[in-house]
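Let's have the full structure, built from the sequences with the hints guiding it.
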Amino acid sequence: MSLEEGIAAWRSYLRRRQAIQPVDVDELEDHLRSEAWALQEAGLTGDESFLIAVKRIGELDVLSREFAREHSERLWKWLVVGPEADDEGDSAGKEALMAGTLACAAAIAIKVPELFGVRIHPDQALPQLYLRNLSLFVLPFLAAFFAWKRSLPPAGWMWLTAPFVAAAVAVNAMPFSSGGDTESLAALHLPIALWLAVGYAYAAGRWRDRVQRMNFVRFSGEWFIYYTLIALGGGVLMVLTAFVFGAIGLQPERIVAAWILPCGALGAVIVAAWLVEAKQSVVENMAPVLTTLFTPLFTLVLLAFLVVTAWTGSGVAAERDVLIGFDLLLVVVVGLILYAISARDPEKEPGIFDGLQLLLIVCALLVDAVALWAIAARISEFGFSPNKVAALGENLILLVNLAWSAVLYGRFLARRVAFAPLERWQTACLPVYALWAWVVVVAFPPVFGFR
Amino acid sequence: MNVGKDLVAASATPLILAILSDGPSYGYAIIKRVAELSRGELQWTDGMLYPVLHRLERNGLVKAVWGRSASGRRRKYYRLTSRGGEELVDQQRQWELVDATLRRTLFRSFHPAAQEG
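Chains E and U are the protein sequences, given in the same order. Just so you know, we're using this note's numbering here: the first sequence kicks off at 1 and counts up by one. Just so you know, we're using this note's numbering here: the second sequence kicks off at 1 and counts up by one.
To be clear, the hints were calculated from the coordinates, so they are not data collected in a lab. Since the model is a prediction, treat every value here as computed from it, not as a measurement. The C-beta atom is built at its ideal place from N, Cα and C for all residues, glycine as well. Heads up, none of these hints are tricks.
Calculated pairs, DSS-like style, for lysine-lysine (alpha carbon to alpha carbon, straight line, at most 25 Å):
id : chain 1 : residue 1 : chain 2 : residue 2
1  : E       : K348      : U       : K63
2  : E       : K55       : U       : K76
3  : U       : K5        : E       : K55
FRET-style restraints, in silico, Cβ to Cβ:
id : chain 1 : residue 1 : chain 2 : residue 2 : range
4  : U       : Q94       : E       : L435      : 37 to 45 Å
5  : E       : W37       : U       : Q91       : 31 to 39 Å
6  : E       : W148      : U       : G72       : 47 to 55 Å
7  : E       : A168      : U       : V98       : 52 to 60 Å
8  : U       : K5        : E       : A304      : 57 to 65 Å
9  : U       : Q91       : E       : P288      : 33 to 41 Å
10 : E       : E41       : U       : K5        : 26 to 34 Å
11 : E       : R15       : U       : G72       : 16 to 24 Å
12 : U       : Q91       : E       : L328      : 47 to 55 Å
13 : U       : K5        : E       : A166      : 40 to 48 Å
14 : U       : E86       : E       : E41       : 36 to 44 Å
Structure representation (structure tokens):
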């Protein structure tokens, strides 16, 4: 084996270590060549020099781990994919089986209320019981999947169970007035509160760890992409099911609405999570593309909205749907920013995309201010209501988040600080979201008299 | 002599900063310089230098640029930033303190004769 062949083989071997990026491989190759050349100067032959140089550069497993530890955004890759990319097999099979079982369990769980006579019917509104408990039908299984996969210690299992039990008791024991605002708010906020409890299992209990939090953010974004894809496929499946059975004179709507849709939608939550973990490399290349695509589009929409608002001087109607719409828009924008941050290589120099990102943050900040203004005006005129207070709290949290993000981003663009503080700030905000979601779920109903 | 792993790790940052304070350099040359300065006693696993360099870069203590070697190969050069210079001064103070403390305790117990003077 000549030196060149040796280096080529070594390169391709190194490239399979997912923690070491091509640019780092280049750097290591330069080192290897320098070492080999120096050894040849000392009188060694090409292949001798190659063997010694490779030996000196160190065990590749240890090296990958060191690289992954330093480039912690790649650590999860090393953990998930393992020391050898192609050394899957046994554990992967076990994981697939576990994910399948839990997905079935979630699909069965949603049908349990039918045993007690609460039915899903295509022509009637979904019973409130389902809306309130939707996340409780599936997220415990998702949390269990991660707790099992990450071998959470028994004490961790206890901590993990607590929020789910508390949530189940809270939303089912409280005497909500039927169809009231506090009930809808609780139904809306419970998934957020419990999703972050899933994060506890995802991080194997190390939820204080900044790196783990960022990994969970990354996971959430990738899960969302996978879930959307599965949902699209599921939609096509249901339409075609309805069509072929309709063609032979049957009416499959009831089966579709009562069985395929609910069971599929919940099972897909687990399957999507498993796919993110198992087929990481497929989706991780998609995510940056999507953020690059949608950051300018969202910026444009927000800019247009701001210009029109300023031009016509029309205020925002502080109706419930409008408030929720605004919150949703801002949450999507913050999610986009958060996800762009998590997907970004922290060592890259600030570029044009970062300028755009800052523009998006500033626009979102202004839109948030407009919404806050509308809510405040509405509160001072008509007093407090659960919807307005919930929206007020969310907008304030997002305002603080966006404002400080804008400052940090500006300083990053001016090359005054590194990218890391921005990451730190975003991960520090995560528990605040959870806290607020829990407040809305648990404290709002009694405070506002369950109306 | 075999220097312990922790000590090698702890001394890596000040060593790299000090070597870069003499001017920009690249990975292989830094390793050679360490071997030279320690008369071959301080052995690093070569590859381990790079994660350390990348950490220093992330913390803004060094700055990396891709350049070309004399033979025209792509090569990543590192140079000390002003913050790296400050950190070096700070490290010097810390190591002086450790050194002085060790001299007063550890070395005395190994060489009882030194106490007589």
